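A.B. asks: Protein chains in written order, with the working numbering: chain Y, 1 to 471; chain W, 1 to 471; chain F, 1 to 471.
Hint data in this document are derived by calculation from the structure and do not stem from the laboratory.
Predicted model, so just to flag it, every value in this text is computed and none were measured.
Idealized CB from N, CA, C, for every residue including glycine.
Be aware that a few hints might be false.
On the chain F side, residues computed to face chain Y include the following (Cβ under 7 Å) [stated by the list, open to error]:
| no. | residue |
| --- | --- |
| 1 | Ser260 |
| 2 | Asn338 |
| 3 | Asp344 |
| 4 | Leu345 |
| 5 | Ser365 |
| 6 | Arg366 |
| 7 | Leu371 |
| 8 | Gly373 |
| 9 | Pro376 |
| 10 | Gly405 |
| 11 | Asn408 |
| 12 | Val442 |
| 13 | Arg443 |
| 14 | Val446 |
Taking CB as the label site, the calculated pair distances span [what the hints assert, rightly or not]:
| no. | chain 1 | residue 1 | chain 2 | residue 2 | range |
| --- | --- | --- | --- | --- | --- |
| 15 | Y | Glu233 | W | Ser75 | 27 to 35 Å |
| 16 | F | Arg22 | Y | Gln161 | 37 to 45 Å |
| 17 | W | Lys91 | Y | Arg182 | 26 to 34 Å |
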Amino acid sequence: MSFLIEDRYFSPDHAQSAIARRLYQRVKDLPLVCPHGHVDPRLLAASNYDWGTPVDLLIIPDHYVFRMLYSQGISLEELGIPRKDGGPVEKDHRKIWQIVCDHWYLFRGTPSSLWLRDELRDIFGIDAKINSANAQAIYNAIDEKLHSPEFQPRQLFERFQIEVLATTDAATATLQEHQRIRESGWKGRIVPTFRPDAVVNIAMGGFAENIQLLSQVSGVDVTNYRTYIAALEQRRHFFKEMGATATDHAAVTAYTARLSEREADAIFQRALCGEASAEDAQRFTGHILIEMARMSVEDGLVMQLHVGSSRDHNPVLLERFGRDMGADIPTASEFTHNLKPLLDLYGRERDLTIILFNLDETVYSRELAPLAGHYPALRLGPPWWFFDSWNGIQRYFENVVETAGIYNTAGFNDDTRAYPSIPARHDLWRRASADWLAGLAVRGIVDEDDAAEMVVDMAYRLAKQTYKLEA
Amino acid sequence: MSFLIEDRYFSPDHAQSAIARRLYQRVKDLPLVCPHGHVDPRLLAASNYDWGTPVDLLIIPDHYVFRMLYSQGISLEELGIPRKDGGPVEKDHRKIWQIVCDHWYLFRGTPSSLWLRDELRDIFGIDAKINSANAQAIYNAIDEKLHSPEFQPRQLFERFQIEVLATTDAATATLQEHQRIRESGWKGRIVPTFRPDAVVNIAMGGFAENIQLLSQVSGVDVTNYRTYIAALEQRRHFFKEMGATATDHAAVTAYTARLSEREADAIFQRALCGEASAEDAQRFTGHILIEMARMSVEDGLVMQLHVGSSRDHNPVLLERFGRDMGADIPTASEFTHNLKPLLDLYGRERDLTIILFNLDETVYSRELAPLAGHYPALRLGPPWWFFDSWNGIQRYFENVVETAGIYNTAGFNDDTRAYPSIPARHDLWRRASADWLAGLAVRGIVDEDDAAEMVVDMAYRLAKQTYKLEA
Amino acid sequence: MSFLIEDRYFSPDHAQSAIARRLYQRVKDLPLVCPHGHVDPRLLAASNYDWGTPVDLLIIPDHYVFRMLYSQGISLEELGIPRKDGGPVEKDHRKIWQIVCDHWYLFRGTPSSLWLRDELRDIFGIDAKINSANAQAIYNAIDEKLHSPEFQPRQLFERFQIEVLATTDAATATLQEHQRIRESGWKGRIVPTFRPDAVVNIAMGGFAENIQLLSQVSGVDVTNYRTYIAALEQRRHFFKEMGATATDHAAVTAYTARLSEREADAIFQRALCGEASAEDAQRFTGHILIEMARMSVEDGLVMQLHVGSSRDHNPVLLERFGRDMGADIPTASEFTHNLKPLLDLYGRERDLTIILFNLDETVYSRELAPLAGHYPALRLGPPWWFFDSWNGIQRYFENVVETAGIYNTAGFNDDTRAYPSIPARHDLWRRASADWLAGLAVRGIVDEDDAAEMVVDMAYRLAKQTYKLEA
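Input sequences plus hints: build the corresponding full structure.
C.D. replies: Below, the structure is given as structure tokens:
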């Protein structure tokens, strides 16, 4: 008998779990809609992709995993994370895997343990609980599968029943991999997403270089604010031609404010010279978010806004290993006042869609649900990052739905760079949705007919519709 | 069989729901105490009230309902909401009703759907689930009942078993309707509530006109801060004579601060000339809240404080349709520091009762429960506005009771202008209380004898006692 | 039949409670590790301790209890709380006890009622529900037991199976009681904890006097910042010799910032003259916290940080009765930015342990779990003060574990000055842990084998290991 139970995650109550099971049956085999994530398009552009070792696949790219080991005193060098200076790190991936398995108990009760458990069983056919003793056997089993033809990314794409997968791409990206996928004749739908952070956030290093790159790829000679805007519009146009239906914007806060063109240009010029202040950076980002909403009204691209992460909190790790090392820490967020300047201008637009993501759960019921339950342009993204977990999802439903309903949400997105974990993440969401709806049904808050429609909306339709992926 | 279940909302666990059912039996037929709400006293003053159409009754006055439709791209004009400029809006109420029913799925899982379901069944005898097909039939059924004698507001008052109903009235109100109700010989107890916001909040439009009105109705020539205070005291005295037991105060924050009479007068004079600043407004409100507490110590009126709504967030709607259009968005609140100046002076008064309401649930466990669990003058109002819902009520109980107990709460109030929804709102609270207490009992945290007393306290006694309605 | 049920607090679901019961069996009789609390060491130093009356034992020292009665209009004088000016307070402890019992219904649903219920039954053998009628009988029963030899603190220590108990002691304490315990030959392990607040917080009254005392006890003539640091180091060394494994620091916020030695000395000198500003106080505390982390790296003492209480909110009570009168009210906290200067320097230290406690539950999932799930030096303390309750513990587990795991927590500590309530507090935590783990097991999130290890970790091992009490 498997240690996994078929009804995993469902309420222990028989009446509720019976309904949850029926609801889940309706959605468990639906195609996966993946409108936001960080899968590398090279996986799907390659005709023969080399996954490397199990550690290359499952540990080194997954900051959820290595930050937990780091928190317990294991260095990133011991885990084989490459250093920026090329300094020595562990190269023996079997040894790294053993360390991970020796410490796998650290993940008890965390979503990482659930995703990997499902992934091993469903993708790799390994129905065993990770421990020190079986570490090498599991390594061998993964390694063998990884090099079989059925584990090529396109084969997995079809096996996973992915209907559409959006990547996330710099504004200056040439989207060559997307072009190669198109030209390959393969039918999988891979669309890019326009993410202009590096040419908007003037406080990040290398702004002038990024603008130079923007000039090159756009064909617009960017020398001032006006040409900068023209170049951004050109890139959006290009992304849209390449299949994009959405943009994505990260910001520490949801601050928005309209600048005059003169002010915007003055900040832009200071930024090019590396003389912009922290206040300049906040004001410029706040202004460009409004401009991006304006462009979205014009070109129809859905606008995503990810707010609230204080990135690279650990300066030594940043210097030694770079960004995305598990040291991004959330901060308190505010939307009611911060987003008002943008909403004053574009919140009433029926054809505009702005999807809000954040890392401060206190704003779910206080600000986000009331805003999304009022403004036609707003939708709420699914629980993000740390909160894409069983309890995180429960809190989201409990705090959002009574005020905003489910139809002001954007359904689910997996937001992952860990390609083979995609089915496990959707399955957790689908089970959580089914169980939560069963909880409503068993209390008579909705009837099972409604729940049966809602579960399909939550698992499939809302994401597709909100991201305009129906075409 | 009805699609409604008799045990609706209760836990699916048999042991818990059995207790919940027993507890609910104790309170389901108790009279309704309605110490705070927004029912128009004209309903009860009229000998023959005209409800208008089902849309006049259920849609146009209910911003909970039309804001959700608005959030999904339906304009307020399409829903028949009157424009301030008298511009064209939909007049065909059958057509509006059809739009509402076509989109009723939006309300799945929201309290609006639960209240209306109960209301249709229990008040109108319509035991059907709203959909596009039955929209006109339901319209007809409501319409017919609305024009029958048993649907006159006073008949409903008696049918609902309302023991006392408080209205909310401007400080400058003459309370003519209350006078007419008294003189009519009808025995229903309707009491006014003194709400001086329009003569306190100097940032609201029309302050000078409101002060002029205050002079007229009070008979005090209000020319400076001292006469202003005298006029307010006169009005409180008048309200109390007319049966009021409470005042009500809305503020964006809980900020309080004592001004000298000279400062208060200087701000008052600037406000009369329309020259007051935003800081003036905050300081003046903060000072008057303290003055109102002082007056409550003297005259015994219970003081309600509603904090945290950023009103009229959508400026175009405000301009076109006015206030209360579903565009009020909560903001973060702070009480520990903000309320200290008031509490330093009056928090220890045993005969003073200040009831706190707010829209930032994070302060429940962090600030409100510890404050109410310490200061004799403080009580916590029930979950307000967006949080008067199944999950909102659970969060309130879970976050408040362990620190403050139930006896530092003010029981329930329905806070509604939707008169026929009053029984449904009390029923939701009573069921939620019974189920939550059953959850304590089944875990052995309280025994069922205690729970049986507590459920009556929560459903009935605490509201009556806290609002001094026992007389 | 007792009104207490053996499975109290467990889920009513049979599958879950069956697992909870099995898990609880594994931990219910484990020794108690008490690494943080406020028991007076004189209890255990005395060869014949006089407990006084039941009111001396259970009411007068327990601000959880008397603040609730105060909130309902009972004065502290009526409850026998001694006034600073020696003014008249109730001396008849039977009368006080009657008042408490007459109002015991106020505690329904609060942890105080659960702790006392267990304490009466398990420690005093009184298996009755407190009410007005049995008040005097219960008083008599407690009183009789209190004066029996088996109720001497050391006998209780052994009966409670306390493995180690940490007291909390001023930096200037001579630890005479600890010395007497050592010299007595008694085997109970009592360790001091270094709490330097009174010589660090320059805004508290009496700073200069406290520094003078520091000079005396340390033997270092403290005249400037450098000698001040030397004296603190001397005291830490002394505490460590006396068995201490930890320090403890209270602060209103988690603010940290590095000062130059010149700045630190300038503030120190102003503080000695009573001329320090509020900003000085914040900066000095923020700097000393960093210094304390530096010292902990050097001497290995575990560093506890308790953040977020606005102490002595009610100035009249402070003046009349002193500190710790149930008028400490939480405030919002921020760690992501505030703690960064300290973490930049010492967060990566593997051998440093900093345990964070706070009173703003919103930071659990937003800041604390992500920080503890990253930095090797950080661990999260158990839910503190108001949140050491059934729902408080649930919220802690639900918000912390998915991100930080349980192995970045510090297990449990009872944090109490109410010595005989220690077993009840540990039992509540152990039951809550067992039930929560059973909830994970019944949903298939962890298996029962893992849960069986986790429950022991949570009830016993994590506290012992985190506080370095294994020696």
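A.B. asks: For each hint, tell me whether it holds in the structure or not.
C.D. replies: Status of the hints after comparison with the structure:
1. Ser260: violated, 20 Å
2. Asn338: violated, 11 Å
3. Asp344: holds, 6 Å
4. Leu345: Cβ of F/Leu345 sits 10 Å from chain Y, so the hint is violated.
5. Ser365: Status holds, d = 6 Å.
6. Arg366: With a closest approach of 5 Å, the F/Arg366 hint holds.
7. Leu371: holds, 6 Å
8. Gly373: Hint holds; F/Gly373 Cβ to chain Y Cβ min 5 Å, cut 7 Å.
9. Pro376: This interface hint holds because 5 Å falls under the 7 Å limit.
10. Gly405: The hint holds - F/Gly405 has a Cβ within 7 Å of chain Y, the shortest such distance being about 5 Å.
11. Asn408: holds, 6 Å
12. Val442: holds, 4 Å
13. Arg443: Check passed: Cβ of F/Arg443 comes within 5 Å of chain Y, closer than 7 Å.
14. Val446: For F/Val446, the interface hint holds, since the closest Cβ of chain Y sits about 5 Å away, which is under 7 Å.
15. Y/Glu233 - W/Ser75: 27 to 35 Å: At roughly 30 Å between Cβ atoms, W/Ser75 and Y/Glu233 fall inside 27 to 35 Å, so the hint holds.
16. F/Arg22 - Y/Gln161: 37 to 45 Å: Since F/Arg22 and Y/Gln161 have Cβ atoms about 40 Å apart, the given range 37 to 45 Å holds.
17. W/Lys91 - Y/Arg182: 26 to 34 Å: violated, 53 Å
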